[in-house]
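Participant: Chain residues, written in single-letter form:
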Amino acid sequence: MFELVNTDIEGQIFAYLPFGDIVDYFSPYTTILFIFALVFTIIAIVSKPERQVDVAFGGDAYYTKDISDKQMRFQRFMAVACGLATMGGVISGDVFNFTLFTAMVGIANIGIVASTRNKHVLDNAYEYGILAMIGTLPLFAGAAITVAVTGTLSMWLLFTPAISVPLIAKLLLVIGVLAEGMAPVYVAKAEITRAPGAPYILMVHVSSLVMFLRVIEIVISM
Amino acid sequence: MILQILSEYQTGLFIAFVCIAVAFIALIKEKDDLHRLLLTDIVEIIALVVIALIGTDLAEALILPGLVVGIAELLALAEVYIEKEKLVNSPEKFLHIEIMDSAPVILAVLFLLYGIILSGFTGGAVAGVGMVFYFLCKGSSEKTEIIETVSGYAWVAWVFAFIIFMTLPQYWFFAVMIAGAGIFAKVAAKMSIVGTMRGERNV
Numbered sequence: 005m006f007e008l009v010n011t012d013i014e015g016q017i018f019a020y021l022p023f024g025d026i027v028d029y030f031s032p033y034t035t036i037l038f039i040f041a042l043v044f045t046i047i048a049i050v051s052k053p054e055r056q057v058d059v060a061f062g063g064d065a066y067y068t069k070d071i072s073d074k075q076m077r078f079q080r081f082m083a084v085a086c087g088l089a090t091m092g093g094v095i096s097g098d099v100f101n102f103t104l105f106t107a108m109v110g111i112a113n114i115g116i117v118a119s120t121r122n123k124h125v126l127d128n129a130y131e132y133g134i135l136a137m138i139g140t141l142p143l144f145a146g147a148a149i150t151v152a153v154t155g156t157l158s159m160w161l162l163f164t165p166a167i168s169v170p171l172i173a174k175l176l177l178v179i180g181v182l183a184e185g186m187a188p189v190y191v192a193k194a195e196i197t198r199a200p201g202a203p204y205i206l207m208v209h210v211s212s213l214v215m216f217l218r219v220i221e222i223v224i225s226m
Numbered sequence: 002m003i004l005q006i007l008s009e010y011q012t013g014l015f016i017a018f019v020c021i022a023v024a025f026i027a028l029i030k031e032k033d034d035l036h037r038l039l040l041t042d043i044v045e046i047i048a049l050v051v052i053a054l055i056g057t058d059l060a061e062a063l064i065l066p067g068l069v070v071g072i073a074e075l076l077a078l079a080e081v082y083i084e085k086e087k088l089v090n091s092p093e094k095f096l097h098i099e100i101m102d103s104a105p106v107i108l109a110v111l112f113l114l115y116g117i118i119l120s121g122f123t124g125g126a127v128a129g130v131g132m133v134f135y136f137l138c139k140g141s142s143e144k145t146e147i148i149e150t151v152s153g154y155a156w157v158a159w160v161f162a163f164i165i166f167m168t169l170p171q172y173w174f175f176a177v178m179i180a181g182a183g184i185f186a187k188v189a190a191k192m193s194i195v196g197t198m199r200g201e202r203n204v
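As you go down the protein sequences, you meet chains A and B in turn.
According to the working numbering, the residues represented by the first sequence are 5 to 226, in order.
According to the working numbering, the residues represented by the second sequence are 2 to 204, in order.
Bound conformation, chain A alone (with noise of 0.2 Å):
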């Protein structure tokens, strides 16, 4: 019964898990992002943070970051939440399904970079916060728009040639997901990066990476 319809950029399904009606599914394109987003998971749970080194201009002296413990855990688990929500949405053959692990992707961010106690990383995080709540009503207004439409939210139905998604509705659901993963902003901005923790910040730039990538596939196949 299930069985992908367009196979040009998925590949041959390998297998998938039906939970009721939410019907999450293996391709070879969904499972490339999966084992990516676990990689870095398993790198976020097993690794140290970095400490940063400052160096102060005019003088010899430089001197370590130091990450407590406290935020480093918090940092962790907010990396660790956004490594499952990123695997839950590229897997997910449910549109609304995908938003939703798409807005908590954009919440565990937030938290991450906000983790930091620093003025100017807290600027940023709030500004980003405000983009990523902002980017739940393109987000959720695709998906409504979409089964409004077609009466669907299944991608194994959304991806037959029989129903056509409007135009609209997908161009919201990608602007959701750039909004929700911060991705047209966070390599503009420095101070990113530059918030101690290493490891746990690279997961806001996966999770967004490959969210994107999830999204325009299952929009070119709708």
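Just so you know, the hints here were simulated from the structure itself, not pulled from any lab data.
Estimated spans, in silico, between C-beta atoms of each pair: (1) Asp64/A to Met101/B: 48 to 56 Å; (2) Gln56/A to Ala104/B: 45 to 53 Å; (3) Ser51/A to Ile107/B: 48 to 56 Å.
In this text, a Cβ means the ideal position worked out from N, Cα and C, and glycines have one as well.
With chain A held as given, fit chain B onto it using these hints.
Facilitator: Chain B alone, transformed into the frame defined by chain A:
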């Protein structure tokens, strides 16, 4: 005109998009961080409106997770705002909540009134809880002599009631009333002393 051409759903969607435009313009114009946070809530609500426009059971099932996500993000961002503006007051006492400054008088009075209505032992316990709450919140630096005085008079009233029981049994109802009031005041006073024993130097 436009309402006749479009279906109900499309009309609703059109109005929602107008609201979205208004909300986003407001977000662009607003410079104050806290106000922007509040404005994002309007954006979230319009997102729920767009989902609700579907008007089926599925929409209902989708609104709940949407609402949860919105609230979670609002809470997280509010925390970030508090942290970045350094609005955190480390509590002076172990348990210090804002309501403990504003409400104890009203709540204590309500407890006392309800206790008086109940009267007797139960009423005393209820009124005493009110007083315990009051002293826990306000600290026991207030003068507590009045409690001791009331306690003494309550004891007198109780003894007086028993004398009536033994000597003038035909006035038993009057005696029951006095005894009830007495034990009420006694229990309330004893309970309130528990409240005064909290967190002061000389205890």
